[in-house]
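Chain residues, written in single-letter form:
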Amino acid sequence: MSVNLLDARGTPVEKQKFTLRELVQKPISKMDDDAFTRVRIILANGLEQQANRFQHMCSQINGELRPALASVRRVEHHQQTMINWLLSSDHSPIETTIGYEQVAIEVTAAIAQQEPDPYLAQVYRFGLLEDFDHMYRYSALLDRVEGKDANNILQCYTDIIPGRITFDEHRHPTDDLRDHYDRTKAAPISKMNALTIMSGEYQTRDYYMNIGPMFSDPVARQLYAEIASIEEQHVTQYGSIIDPDETLLEKWLLYEANEVYNYYSFMESEGNPRIKAIWERFMDYELGHLDLVKNLFQKYENRDPAEILPETLPDPIPFESQREFVRQTLEAEIHLRTNGSKFVNKQDESRQSIEYRDYINSEGSPSNAVAEGYVWTPGTEITRLTAVGGK
Amino acid sequence: MPQANKMGMNKTGMAMSPIQGKQMMEGAKELTQAGPISFAAMEKIRSDYASPDDYIGTVPVPDSFKGMLSAGKEKIQGHNPEVLINKLGQRLAFERTGVRIYDALIFKCETINDPISKEVISIDSLKHFRDEEAEHFFLLKEVIESLGADPTAMTPDADVSALASMGIPKVLMEPRTTVLQCLEAVQTTELTDNAAWEVLIKLCNNMGMSELADKFSKPLKQEKTHAETIKNWINKLALMQAGTM
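Chains as they are written, first to last, in our numbering: chain A, 867 to 1257; chain B, -3 to 241.
Here chain A stands alone, though its shape is the one from the complex (with noise of 0.2 Å):
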């Protein structure tokens, strides 16, 4: 199927209705559903998320556009809200963050080998390595704390090893900065991208920061209270790969056309028809509100939409395991830091970073300790713990 950014008028926006029973639709089976479902309906939230917080925040600063941005930003809520509940009422928190961690794991890694920019693509890889690690965490936590096999979530799709240690990940703020694509000459792709993982992060960071509190558990607490921080740096370092220089209306169609590509993507590889129906819906919505950004681009800034947008869509994201290129960069990239937007050897890592790790790690690391002699082992660890006559 093919799609045309530029010619597409998708759902007129005042026909993109919702009622409240319409919002709370079945959810998705925990047991029964393939894992690449649930981290579509995660990936999506976390677009829909970021999409009505930008759109708040154009309101804050441009009072010309504030109705069209409050039509266009309910019905994103409305839309998250649809994708959010798809979740079920028996993922325990944890089990939930297993899935984030996957939705990161699985499309950075999907995102790094089809972004043209090789930059791009290193900062994509850099993250990727550390999101692994965080996997392997909170899998230690699940089968600690809880007693659970982190792969009834994963379904095998994603490896469960040790990455980039979260201990060597904490960095200087300024470290986390990373030099921004040129919006003049980046590929289409590369603008989407940068939002698709921008958002990912950022609802992952909001999710911690949500839940963390909600753990009796000290070493939970503090494991959220740290990988939160870590997300926090990826948000950083994502964000700051978005050219500064776009205009506000540039950014919006830019959302609105990921938003596109995304559910174009999702329909393309779902195979729940129901969660299908619900794909196919929102990108005609998306491709609503696209409309109605082209309309004011034109209107506010008197230029040609094609400037920004490519004409048809680029290859769909693919929803696989990227095992084999997460090893492969695993192996090879594992010992990189950063200084200042640099990618760099461990030894030239800026001193700044090693202090500031060196301080915040300096009362113990609660990401060592959740894993301390923790390898993953179907059925949980205590079959080893029984192979070996108990702790």
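If you are wondering where the hints come from, they were derived from the structure by calculation, not from laboratory data. Quick caveat: nothing in here was measured; it's all calculated off a predicted structure. Backbone N, C-alpha and C fix where the C-beta goes; we use that ideal spot for every residue, glycine too. Every clue listed holds true.
Here are the computed distance ranges between Cβ atoms for each label pair:
#1 B:Ser34 to A:Lys892: 41 to 51 Å
#2 B:Ala160 to A:Pro1139: 33 to 43 Å
#3 A:Lys1212 to B:Thr54: 44 to 54 Å
#4 B:Met162 to A:Ala936: 32 to 42 Å
#5 B:Phe35 to A:Ser937: 46 to 56 Å
#6 B:Lys25 to A:Ala1172: 47 to 57 Å
Simulated crosslink set (DSS-like; lysine-lysine; CA at most 30 Å straight-line):
#7 A:Lys1142 to B:Lys166
#8 B:Lys2 to A:Lys1014
#9 B:Lys83 to B:Lys217
#10 B:Lys227 to A:Lys1014
#11 B:Lys217 to B:Lys198
#12 B:Lys7 to A:Lys1014
#13 B:Lys40 to A:Lys1014
#14 A:Lys1165 to A:Lys883
Assemble chain B onto chain A, guided by the hints.
Only chain B this time, still in chain A's reference frame:
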């Protein structure tokens, strides 16, 4: 009708992904450099936060101890009345939640289209149990007031009991759960409730408040019937569903 025993494409186990599962296991084994299993660092974090002076909340101070004093000043002397207030508050909250749990179970049983459940479970009995939970709540409210304490306050044990049973209303309210799954959730509360009434009665007796203990013997008896009945229904349902009865 939700089905718990339907065979289907459950994707959670290793057997569903023989190729990917093998890669995953080999990778975890070869690429995880970990020392021996140790919980020492986790335990250190936990003990860092543990303090003998810490608590989740306090037992609310009664308006006055006048009720309690007139009810048996001498008897309660030398004991800690706050333990009794805490426990009474815990039972009150539990019974109150019990009413809501039975309401949810009755709704589930009335609306579900499952001939086996309809045959085994008596909705009238469930309604009777629900009313008894409400009676217990009112009895406890009256007792707490007579002791000069506040039945609207949440005591620490009430809070922690609710924390422990947080998943039970979730199971009952979940549209996809079966009657049998819900009964098993209710069984958890009934077994806890039985044991807790026993503790409360013992506490009253040992504090010299035998009149109160006598009052509580009726709820205990009723709760025993609830637990027994639920257990029998669970047995019957499971056996009938398996075709062995």
